[in-house]
Amino acid sequence: MSFETILVPRHAGLDTIIHLVRQTTAPRVLLVLPRNMKNPVHEPVDMGRIKQVATDMNATLGVVSLSGGVREAARSVGLRAFATQVQAKLFFKNERPWWLPKQTRLGQQTVLSEADKAAMNRRMKPKPRWLTYGYRYVTIPLFVATLALLAVTAFYALPSATIVLKPEIRPIQIVQAIVADPRADEESAGGATVPGRLLLYTDKWRASVETTGRIEIPDQSARGLVTFVNRVPQAASIPAGTRVSTSTGERIVFQTLQSAELPARVGAEVDIEVVAVEPGSEGNVAGDRINRVEGALANQLNVRNLFALTGGANRVAPTVSPDDVTRLREHILEALHGQARANMQSQLNIEEFLAEDSVRIVAIYAESQSHFAGEETATLAMEIRAELHGTAVNENIALTLVNEQLAAAVPEGFEILDGTIQPRIGRLLGVDGQGRVSLEMIGEALVIADLQLQQPLSDITGQETEIATYYLNEQLLLRDLPEVHVWPERRDRIPYLPARIYTSINRDLEN
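The sequence shown runs 1 to 511 under this note's numbering.
Bear in mind the hints are in silico, worked out from the structure with no lab data behind them. Wrong hints could be hidden among the right ones.
What follows is a list of derived Cβ distance ranges for each label pair [claimed, not checked]:
| # | residue 1 | residue 2 | range |
| --- | --- | --- | --- |
| 1 | Phe307 | Val253 | 13 to 21 Å |
| 2 | Glu483 | Ala409 | 43 to 51 Å |
| 3 | Pro322 | Glu282 | 20 to 28 Å |
C-beta atoms are modelled at their ideal positions from N, C-alpha and C, and glycine is treated no differently.
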């Protein structure tokens, strides 16, 4: 009776196995499970589901697996389980002795030919005594020796081990000083000189800021009464606007607000309201501070203020400070730098990059501002028109220099880990009048230990797993202890044959 063998992929799960069984049309199905399945089917309930699918399709199912747990789960639900495909096929085919005719082996009656009858009689004829004992004393020891040889061979050849190694990973960094010369090309460049290209940008920028300076501005004039006294026996007419002032300290001038008449008598008095000519708190003078009459009446009249004058006041006004001018100028120059960098980026070729620190102002053609330092204003405006230069650097040649320096900086026994080289621009070292830019290129990368495994693997053959683990950790540059997986699982010793030792190099930075 025919049967079909299903080789289950290593990564297959339960649903995939069920799908494979449903696709078969054979009355007998042999399900071969791999040794190291990612999702092992070792639970009776999983085997029960697979058996139910085979039963629904009227198929006889057999399971082949090297895992004792899987075979036990299969047998627990009534499935035939085998360690090898040979055992399974012999069971399914139900083969009979090889020397019988094919029809007889299939269970069908047949008529033997004369030659077959002669061969059968020859085999059924009793053998001579010496031949019988010869077979007994020669064949049996030979058979036992063969079994012993096979057992020894299996002991050494069948076990295998997989060793997961995590090589040591280190960061390295180099700093390469290069000169980007606009006058050099790819043919004339050499050493640390790479081709460059001078970029030009001219524009103006206008901006304004709120002023931070503060100053007191006279706002209101002081007022009060003064008393005029006639010193002569002659009438005096005091017109409005007559000025009087203080005579000591800071001279403060006041003027009358209305006119008045003094009779022709010595000592005649009259009170008149006055206001300070200049507004501000300085006009708030104390009593008896105003004692001088100005003009033609100075020789005829005396004046004094019996009470202090009040009402003079100042206000705080915003003004332009020197810091405002400096701050606004720096802001505009920075804005011009930003505009220049953006414009120069658009001028770059595909193989170039802009040394941004090389962008510099070479000329200021016009600079104007709305107010000067000390002027009263709430807002200061300024406009600057300037020319800026920058240098584009040939990126391909610069990166080649960085890669060469990185390769030279790799420690002995290491190699650069793929995909970890990261070049970047460092400090600007200087710019000359011709646009030559000296700058640093920084290269960073990760290097991984280049493990030489032939001799260490040869040294650990036949050793206990723990001893082999620590030996490899001492002999090799590793960032963690090796992981050793031995098959069969109960065996705690590395195989004797180096060919049965498999290695896996873990280059993952996260593990």
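Now for the hints, and whether the structure bears them out:
1. Phe307 to Val253: 13 to 21 Å: holds (18 Å)
2. Glu483 to Ala409: 43 to 51 Å: Between Glu483 and Ala409, where Cβ atoms are some 31 Å apart, the hint is violated.
3. Pro322 to Glu282: 20 to 28 Å: holds (27 Å)
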